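For the record, the sequence lines run as chains P and H.
Oh and the first sequence: position 324 is 324 in our numbering, straight run, nothing missing.
Each number in our numbering comes from the position in the second sequence (counting from 1) with 1000 added on.
Worth flagging that the hints you see were computed from the coordinates, not collected in a lab.
The structure displayed is predicted, hence computed values, not measured ones.
Glycine is no exception: its CB is placed at the ideal position from the N, C-alpha and C atoms.
You may find that some hints are simply not true.
Said to hold, decoys possible - Over the 10 Å line for every Cβ pair with chain P, so calculated as not near, a few chain H residues:
# : residue
1 : R1119
2 : V1124
3 : L1179
Said to hold, decoys possible - Just a few of them, taken from the derived set where beta-carbon distance is under 10 Å, the chain H residues facing chain P:
#  : residue
4  : P1066
5  : V1067
6  : D1070
7  : T1091
8  : A1092
9  : V1095
10 : A1110
11 : S1111
12 : G1126
13 : A1132
14 : R1142
15 : G1174
16 : V1233
17 : G1236
18 : A1241
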Amino acid sequence: MVVLPCAVVLAATVSAVVLNEILYDPPGPDGDSEYVELFNPTDRPVPLDGVELWFLNAGEAADAKRVWSAAAGTVLAAGGFRVIGEEAVAEADETTRLDLQNGPDALELRRDGQRLDAVAWGEEAAAGGEGRAAVDASGAPLGRVPDGRDTDDNAIDLVVLPRPTPGGANLPAVWFDPISTDWDPAWRADPGPLHWTVRWVARGWTDTQEALLRADTAERAVRADRGDTVVVAVTLSLGAGPHARTVEAAASDPAFARIDTSRVWVGPAPVRLTEVQARPRSDEPEWVELIADEATDLADWRLADDGRARRIGEGAVAAAGERLVLAADPAALVRVHEIDPSVVVVRPEEGWPTLNDGRSGDPSPADEVRLLDARGRVVDRVVYARTDLGSRGESLQRTSVVAGGRFRWMRAAGPPTPGGSHPLESFRPEDPVLTVGPDPFSPDGDARDDLLQIVLEAPGEEPVAEIRDLWGERVLVLEGAVGPGRAHWQWDGTDAEGDPVPVGAYVVYVRADAARGAERAWRRIVGLGRR
Amino acid sequence: MTGPRTGFVVLGLLTTLATTGTGRADPLVRSAPGRDDTSALRPGRWTAPLTTALEFGSARPWAELPVRTDWVDLRWAGGAVAFALAGARTTAGSVHETDLAVDVELRSGASALRVQAGRREITVDGFDPRTAIRARGALRHRLGPVRAVGVIERDPGRVRRWSWALGIEAEHAGLRLRLDHRARRHTDTRDWSIAAVLEVAGPLDLSVDLDPDRTTWGLAVRSRPWGLRVGRVVDGPREGAVAVAVEWRP
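Next up, chain P with everything else stripped away, as it sits in the complex:
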């Protein structure tokens, strides 16, 4: 009778232990990386004698398997974690074979045959847990936020964690994650200013979170609701070479700090993107062309869209001055474009970063292509919108114009040229001032002379290019790539509303402010025909 109250107290304490974090589907092959984390949310140590972990296949008690049992004398400290993991889990306090499945399944924590806690996952109606099942967490752990939260409804208590935290808190009360660091331009061909924008998202579990965010010399005290994005921007003037800049976030109550590093490159990169096919024909795979100034082994380089960067892998060796093509399906690309066998065409080892082509008519960025070197530095990048891509089958090509430290890109003037030079880079004005061609051009979609190229050397200040009809009426003002040494426009034979103009003669009228405000103007007549 004297012992009974103690036993009741002990049992009540053990029942507070929860399955706090579960990684049942690690990224990639499941291997030996699964783990289950226990947490004692009380302020007293809890003996785990007799506690067992059971895996319930499909959540059925009849198909249960014990995967772990606590050794005698095991105690879980007050507020402590205990990680039961497979061999590859470095943080595991105890190693065992879990063999958890991807759901719908469940785990139960038992003592003396009594259920202490249970979690089901995979489908909302999955059996074996408490209340509704937790959401499916493919490639990431499920965890209670905050630690130990237990309302007897798995769907409420457990969320997908942004990162594995075995043996530690699942999510701090205050947590700011730098979700993107964006250098504009992504790299400069020449030293000069770079605009750096760092975006954080408030990922702590409290509703309102305060922190001091810093990006190099710029800092900002922020107060954000959970899930809000906060931006800190700064313009830096950087010399040639690689640069690493610090991103910091810190809070004092509760304490939180994290430091990350962002890298950027100033100066000519030895390998550059030269052509991108993000909106291929139905029989053509997506692809990206690179050119190397010097022999480069790209095995540890990476190709990325606006998501994950993919390692290019073995076999991607670019000879000096040669092009190399990365493709979603190299065999299909070689077949469609009859690429010379001497051109290296490979698929990134870690898969193809599917390139989005956006919505019709949408001028906002649809996606980007980034090239990262072996040290993770972005050495080139092209951002495009659907309106940049044109018709299916037209590629984007690098022009010879450098503006703001970044090369400009334009729609291909002819068929795509994977592995070969393209017209925009070989287009050299014969006239030292304004060159317009081809004349006549034919914007009829037959991939021959569909775009009128307009290049102005030494354009001066704010050059403007207009198309006029034969009697002087303005058809439209062109938008183009304007750099300090050269301006480049294209005309696709449409007016300001996007409607095709009639066949006939048109005048390209370009004007620019020269020194001391004087205005210069150039005119060229050009024929527009359609087949």
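Go by the hints and put chain H onto chain P.
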């Protein structure tokens, strides 16, 4: 570019002080070959009745660019009806245009209705010729020294085919002032132009024509039955454009 334009504005204002006669002084503007739709409201064109005449003209509408247009107009006016037949040929680099137009004008009291049908053929080197049939209609009314006209045009060669213009012209003692408002759906533009024509001496007219894109001056010398007109654009994208026309009026 503000210099010449300012000068011509001053000239235009000065002309309000002058008097005598009427004139036609803008040879850059042709009436019948309607390819130049700005012509609809110019002096002696759609704001004025057709008169019997034969006219030959030639223009370089883009100065040094390889663009040239030549035209011939034949006009006959009776009491209540008038006709015009006009042809033009334009060469612009690799493009060749031929334009033919027929006008009929019906008059009743102070009002007149004028319609025009035109056929334009455009050939671009290396491509098959394209043909477009276009139509214009205009309603004109005279109230004392003031003539007002509304013009509407349909051009099937364009995706958005309609355009229209309104003009008003006042004439008093040798000075003619004209104000045009044009709207073009195919370029989605509206603009105004203002013109002044002054008969300096009996056979001599001076004109200035301002619109948002250009200033044009013109000079006409007339010794019946012959008339000679020359003109030049002095600023804007077509700076340096020139034209000359010879007219015979029985």
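Here is what the structure says about each hint:
Every CB of chain P lies more than 10 Å from the CB of R1119 of chain H, the least distance being 14 Å, so the non-interface label holds. Separation of V1124 of chain H from chain P is inadequate, the least Cβ-Cβ distance of about 3 Å not exceeding the 10 Å criterion. Here L1179 of chain H stays apart from chain P, with its beta-carbon at least about 19 Å from theirs, past the 10 Å limit. For P1066 of chain H, the interface hint holds, since its Cβ comes within 10 Å of a Cβ in chain P; the closest pair sits about 6 Å apart.
The interface hint given for V1067 of chain H is met, as the beta carbon of that residue sits about 6 Å from the closest beta carbon of chain P, less than 10 Å. Taking 10 Å as the C-beta contact cut-off toward chain P, the hint placing D1070 of chain H at the interface is violated, the least distance being around 14 Å. About 9 Å separates the beta-carbon of T1091 of chain H from the nearest beta-carbon of chain P, less than 10 Å, and the hint is met. At a threshold of 10 Å, the smallest CB-CB gap from A1092 of chain H to chain P is about 3 Å, leaving the interface hint in force.
For the restraint placing V1095 of chain H at the interface with chain P, the shortest Cβ-Cβ distance is roughly 4 Å, inside the 10 Å limit, so the hint holds. Restraint check, A1110 of chain H versus chain P: the minimum CB separation of about 31 Å is more than 10 Å; hint violated. Of the supplied interface hints, the one on S1111 of chain H is violated, with its beta-carbon coming no nearer than about 29 Å to a beta-carbon of chain P, more than 10 Å. A distance limit of 10 Å between C-beta atoms decides the matter here; for G1126 of chain H the minimum to chain P is near 7 Å, and the interface restraint holds.
Hint status for A1132 of chain H relative to chain P: holds, with the closest Cβ pair at about 7 Å, below 10 Å. Annotation: R1142 of chain H was flagged as interfacial toward chain P, and the flag is violated, the nearest CB pair being 28 Å apart, outside 10 Å. Because the beta carbon of G1174 of chain H sits about 29 Å from the nearest beta carbon in chain P, more than 10 Å, this interface hint is broken. Taking 10 Å as the C-beta cut-off, the interface hint given for V1233 of chain H holds, the closest approach to chain P being about 8 Å.
Of the supplied interface hints, the one on G1236 of chain H holds, with its beta-carbon coming within about 7 Å of a beta-carbon of chain P, less than 10 Å. With a cut of 10 Å, the hint placing A1241 of chain H at the interface with chain P holds, because the nearest CB-to-CB distance is about 8 Å.
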